[in-house]
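Peer 1: Let the sequences and hints guide you as you build the complete structure.
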Amino acid sequence: MRQNLKPASIQRGATLIEVLVAMLILSVGLLGLAGMQMTALQSNQSAYYRSQATVLAYDVIDRMRANRADALNGVYDIALKNETCNPQLAPSGTLAQRDVAEWLNSLSCLLSPDARGSVVRNGRLFTVSIEWNDNRGRIDDAEENDRETFVYRTQL
1 MRQNLKPASI
11 QRGATLIEVL
21 VAMLILSVGL
31 LGLAGMQMTA
41 LQSNQSAYYR
51 SQATVLAYDV
61 IDRMRANRAD
71 ALNGVYDIAL
81 KNETCNPQLA
91 PSGTLAQRDV
101 AEWLNSLSCL
111 LSPDARGSVV
121 RNGRLFTVSI
131 EWNDNRGRID
141 DAEENDRETF
151 VYRTQL
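Reading the sequence shown from the start, the letters are residues 1 to 156 in UniProt numbering.
Any given hint could turn out to be false.
[What the hints assert, rightly or not] DEER-style ranges, computed between Cβ atoms:
1) PRO87 with VAL28: 42 to 48 Å
2) THR149 with ARG98: 24 to 30 Å
3) ASP146 with ASN86: 20 to 26 Å
4) MET38 with GLN88: 33 to 39 Å
In short, the hints are calculated from the structure, not lab data. All C-beta atoms, glycine included, are put in the ideal place defined by N, C-alpha and C.
Peer 2: The following block contains the structure:
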């Protein structure tokens with residue numbers, strides 16, 4: 001009786017195993033693609049922060065160029081400092097004091113709440129440093145090595 005079996009009945013279930021292996025390979029590939037997409041989004045956010053830091057550094061330098069006398073007299077000199085973000089900020093004081101207050105507010109509003117900025121003058125050479133937390137959305141506590149620093153030097 002065994003001699004009457006057709007070859008197709010002996011191979012029963014082989015196609016199902018092939019489909020399961022193909023599904024396993026496809027699912028691993030899709031998980032890898034999702035991981036690559038997440039990395040791309042994180043890198044894009046980091047690049048956005050770097051762009052914002054560049055714009056903010058140019059902003060404070062342009063403010064100093066507009067008020068050159070005070071800038072050269074050291075009124076814009078700022079030690080590494082952080083301010084809390086206040087969207088309704090209405091600073092008072094001299095033009096230089098308002099510029100500094102608005103700039104520090106922009107740092108914390110556009111980069112991160114703990115963003116810090118400084119302006120250091122050496123004669124006519126100015127160095128603007130901006131630091132921010134670049135942990136890119138990680139849940140664990142940010143460590144010191146997650147801080148990015150942008151430094152811009154120019155001469156007035």
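Peer 1: It remains to establish, for every hint, whether it holds in the given structure.
Peer 2: Status of each hint after checking the structure:
1. PRO87 with VAL28: 42 to 48 Å: holds, 46 Å
2. THR149 with ARG98: 24 to 30 Å: Holds, at about 26 Å.
3. ASP146 with ASN86: 20 to 26 Å: holds, 25 Å
4. MET38 with GLN88: 33 to 39 Å: holds, 35 Å
When held up to the earlier numbered hints, the structure conflicts with none and fits them all.
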